[in-house]
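6 protein chains.
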Amino acid sequence: MANRVRELIESGRVAIGAHAKVPATATVEIAAAAGLDFVRFDPYHWPYDHETLAAMTRAAVAKGITPWVRCSVDADTIRQMLELGIRGFTFPCVSTRAQAESIVAAVDQFVSASGVERREILVGCAIENKSGLESFEAILGLDGVDIMSTGPSDLAFALGETDNTKPIVQEAYARILETAIAANKHVYLSTRASRNEWGKARQWIAKGARVLIIEEEYRVLMKTLTNPHTWTPCEGITQ
Amino acid sequence: MANRVRELIESGRVAIGAHAKVPATATVEIAAAAGLDFVRFDPYHWPYDHETLAAMTRAAVAKGITPWVRCSVDADTIRQMLELGIRGFTFPCVSTRAQAESIVAAVDQFVSASGVERREILVGCAIENKSGLESFEAILGLDGVDIMSTGPSDLAFALGETDNTKPIVQEAYARILETAIAANKHVYLSTRASRNEWGKARQWIAKGARVLIIEEEYRVLMKTLTNPHTWTPCEGITQ
Amino acid sequence: MANRVRELIESGRVAIGAHAKVPATATVEIAAAAGLDFVRFDPYHWPYDHETLAAMTRAAVAKGITPWVRCSVDADTIRQMLELGIRGFTFPCVSTRAQAESIVAAVDQFVSASGVERREILVGCAIENKSGLESFEAILGLDGVDIMSTGPSDLAFALGETDNTKPIVQEAYARILETAIAANKHVYLSTRASRNEWGKARQWIAKGARVLIIEEEYRVLMKTLTNPHTWTPCEGITQ
Amino acid sequence: MANRVRELIESGRVAIGAHAKVPATATVEIAAAAGLDFVRFDPYHWPYDHETLAAMTRAAVAKGITPWVRCSVDADTIRQMLELGIRGFTFPCVSTRAQAESIVAAVDQFVSASGVERREILVGCAIENKSGLESFEAILGLDGVDIMSTGPSDLAFALGETDNTKPIVQEAYARILETAIAANKHVYLSTRASRNEWGKARQWIAKGARVLIIEEEYRVLMKTLTNPHTWTPCEGITQ
Amino acid sequence: MANRVRELIESGRVAIGAHAKVPATATVEIAAAAGLDFVRFDPYHWPYDHETLAAMTRAAVAKGITPWVRCSVDADTIRQMLELGIRGFTFPCVSTRAQAESIVAAVDQFVSASGVERREILVGCAIENKSGLESFEAILGLDGVDIMSTGPSDLAFALGETDNTKPIVQEAYARILETAIAANKHVYLSTRASRNEWGKARQWIAKGARVLIIEEEYRVLMKTLTNPHTWTPCEGITQ
Amino acid sequence: MANRVRELIESGRVAIGAHAKVPATATVEIAAAAGLDFVRFDPYHWPYDHETLAAMTRAAVAKGITPWVRCSVDADTIRQMLELGIRGFTFPCVSTRAQAESIVAAVDQFVSASGVERREILVGCAIENKSGLESFEAILGLDGVDIMSTGPSDLAFALGETDNTKPIVQEAYARILETAIAANKHVYLSTRASRNEWGKARQWIAKGARVLIIEEEYRVLMKTLTNPHTWTPCEGITQ
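Residue numbers (UniProt numbering), protein chains in the order written: chain A, 1 to 239; chain B, 1 to 239; chain C, 1 to 239; chain D, 1 to 239; chain E, 1 to 239; chain F, 1 to 239.
Hint data in this document are derived by calculation from the structure and do not stem from the laboratory. Think of the CB as a built atom: it goes at the ideal place given N, C-alpha and C, for glycine as much as any other residue. Just so you know, nobody snuck in bad clues.
Estimated spans, in silico, between C-beta atoms of each pair:
1) A/Asp163 / D/Gln170: 52 to 60 Å
2) A/Ala138 / F/Gly160: 26 to 34 Å
3) D/Thr162 / C/Gly115: 49 to 57 Å
4) F/Ile205 / A/Val111: 35 to 43 Å
5) A/Ala138 / D/Arg13: 54 to 62 Å
6) C/Gly208 / E/Arg175: 55 to 63 Å
7) D/Asp76 / F/Asn164: 36 to 44 Å
8) C/Gly208 / E/Thr77: 40 to 48 Å
9) F/Ser153 / C/Arg13: 58 to 66 Å
10) D/Asp76 / A/Gly85: 21 to 29 Å
11) F/Ser153 / A/Ala98: 29 to 37 Å
12) C/Arg13 / D/Ser114: 57 to 65 Å
13) A/Gly85 / D/Ser114: 27 to 35 Å
With the hints as extra help, turn the sequences into a complete structure.
Here you go:
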């Protein structure tokens, strides 16, 4: 099976995904029906049963969207996720080049053992702490790292700030993404489901960002349940 | 435990609820966090496991919102739902006064066996077919029926129409709700999560409707995932 | 597989069982480890998943104790319980001889279709309402009804009393059990886990009762968790 | 949410808890109904599904009792347990001051990332092996360790004894608890559900112990199912 | 979605299916990988959880094979199966024309309510008892009944025989199938996984039978596990 | 409980087992009904829920066959598997004598803590990589390692070959097994369910191999579903 996200971003289009934190196949199927391109699971923070995660992954494969995961930087975990059918990764808090190399090695080992092609898999590293900030150029210089991401709140914490709108934080954020784009890596962005945040995301897309994930599906649902009368249909980016 | 919906509507306020069709406690907890007042399960149409439905009901009780159900008009089913902790009912396609009486009898039997007070339970009858249209005055005349509801699409089908905006359908719809309000029964309405539909619901609230349910949670989620950039926060009815 | 309860009671010994209402195999395994002879499931009132009930039944079979059930008087339900491996039944609120005949017919149909011997199955009828009180002699006269039971609270309700210690209730209770014993039917009794109630049960055992069930396992657990310091080991009936 | 156990023990009262090893929410709900203050899960030794443990934790939170866990000394596991809602910990076989420091650091990291207050969490270290016996004073000297515990059987094994009633074992046991109390740490004790064991626990409570856990719930159930006729109600400590 | 079985049989080819009694999606996926055309679930006899059956149905849809079911002749059950996504039916023990009419009516009601086309659904009636034997011509004369089936063992029982190889049984069997084929109904056959039985099935296929189901998957597995060294690959019918 | 595999192989007979990868108790029960001696689970590669694996293990114990596992070389995992009831192990990619010693130490620690006898447990080491090839004599020299296994494909990869029929691979394979047999270790072999492969397995049995596992149960099922007409009963090894 081809990796839908890779196909889109390598042809210059944008791939949009949803988080699926509710432990059920519903969000996966809804995301596919909504026209999205990938769905991200988070066993790093969330108590999915193994069989539930397997069922959610199978649902994504069945619908032709890319199953994505945030998981620990651990060779056994990476192998198990790939065996399950996961084809996109965001590794949290990647701190050193050596760590990134261990990730790439684990993926390569699966590729040689399974016969799955390497290009069916996307490897993303998230820069979220001080050590990562110092090493990110070495990390993105590594072949086998396909995607880079970061987040203002984590950067603020790493820089000893509490306000993520401070220039020092915003500059670090922009520098990571711009450096990655300049180095021909893909860039992965989060956005809230709101007109304002979407505007910011569009600016990054204009600069070359190609992977976009909407905030957690349970927050999306809660926002609309809190104010269901605000919803207004309009022409979508996703169609 | 008191019935939050009854407390609200008997003091003249509006109770707002959500559908919970995804078989997981997530929607129940999201609905409670969003400030809603009840959550409706649909074992009549949806394949919940018994233990899942029990867990969802317990989650609603734990959060202080009323667990509601659409279920068959069947004495055994009604008893089991009440034993589970369900405290609000919508019975589909109620067709005759005799059927409504059998519902009320099943609820009363549970009340006398369990010690739960009758006023903790809300019984709603949905008028959805031709026979129901003919019998609805007899049905709403029955003590023990607390709530009436109906729907334009079902009425259109019952009246042999395919377009539910036709005057004959709209008049039947309005007549049922108005007759129920005039007879001091509560009225239960569905609304889509959109500014326009919400306006229509407000008109019925102005006329005395007191129970409002937002469209299925998976549709809510899909709409926003399809067009996440349209979401605009504004001042809510629910707060 | 032989029916352990039948083997015990036909050789004049007493069979003791536990309720298993928690939807897990734990109570079944605990009951077997405690030396009990059967375990009773209650899908009539309790929301077990089908697969959970199947697993609990298999656990009982694996441990050599008789899986018992309270279920509706319904031919399809009876067939499914027998197919699952259930070998003891308590049918609630049996009201007429015709109802008892329909139970026996459903069991016989399974026997002829499956090759399981009829004596591996035990059929119990509970007399719990007014109509049952009037028909119980006809019911216990039926070949194929192996066991009779009743309960003071249900009898009180059936007789229009609220106090189940009243002579009229106690007499009805005793009459049903004594008539059944005189007619060579087995008698099934419930007892609370307490020294006092156990004394009453012993009196009925002296008169010929042979099947004894301890109150619900979750009540047993709650009582001891409430007062764990009261528990005193002593020589058991069960050993 | 406040931590009920901390509130009780900081105001000089005793907190009593139950083990919940059966993978279902039943024991949690029974423990709450029995008036207990916390419930302890044991994923260190017991095969709970992740979603089951999440559901049991939510049930404890819903009932206002503190969800407690025995889990590995591992930063990822500690973070996941805290994210799940766990608020009390017993770490097995803590052997060195460095290990205790890593526990405290993992908890502090969650506190700073989540906004949960540190005092909502209770950290307990169990001294169970030889190295722990040598290091326990250094461990209990660490700020951030709230509770100490130990057990005679583990101490016997650590000391090369097979009989845990030997003076050398009993003295080590008493020394750990007394040193902890003298250092203003809380002390956590296990007790069997029996009059005799309860008497021993009361002596420690008189000396300052404040957290008491009743033996495994499945043992409690098995003991009473084995001898249901021994149960005698009396005035409880728990009420 | 088109119905793969109907497409095959209406173009004169044979559709082959497997039973899926193990409550897991594995058999469904294996059957699809083996090149089969449909998979049959049996909630009539087997304790699937509702959510398991939903997952198995989704798995069949995802793989493009037709999800089939044996279920009770009951309008609510038929509606729920269709809502789940089931598109093929075998109704057991159809006894009268009136019963067959009620089946067809329930299917038609779903068709008009859902917008699913009638030809996406296949309705099969099994002749298995005496009354069915008398009524089968009236049943197969009904528009809306697509498929007929029967079985020698059930016929033997219906005819008061214990040996299903007796001419009277074999003749009845042949007469039902031949009459159905002559009336342009499709015929559904079971076969054991063995060279000999397969030969008999081929004879019926030569006469016009078009739907073939292999014996239960757990029997298939058990046979090969019992004698794994007997398995010999050869050219298949299914490829 | 005795270990059925050890009993068989120590008395010179052959123990035959099945893989159980489908996450359900069905395969376990089928393997027992087919007369097999053990069943192997693979949490190393397969996403079983913890409770599912517990249920599958209990099912094996209930049927008297040995529950076997392939799991990581990790002390916590080994302890948890033993606590679950697992009594046979295949450790993948054992590379050094030190690793084998850590396995044996973890098993011994469980034995001393639990009272289970050491001979109820079987420890198998798989030689699958280059380092293992170099160390296998040191590994099989270790008391506490009961069984050795290897596989041609893994050996080929370790030796830098792609064709596992090459003499260098076949010789390495034979050398490991023969050395183990000569050193009085047991040898564990995989075989496909086919007449030809079975013949090869028989040759190794003639040389002293005593543990034989049939290929994955889902492959067995798929092969027969693909070609159900090929199955031919014959006299089995297993009976």
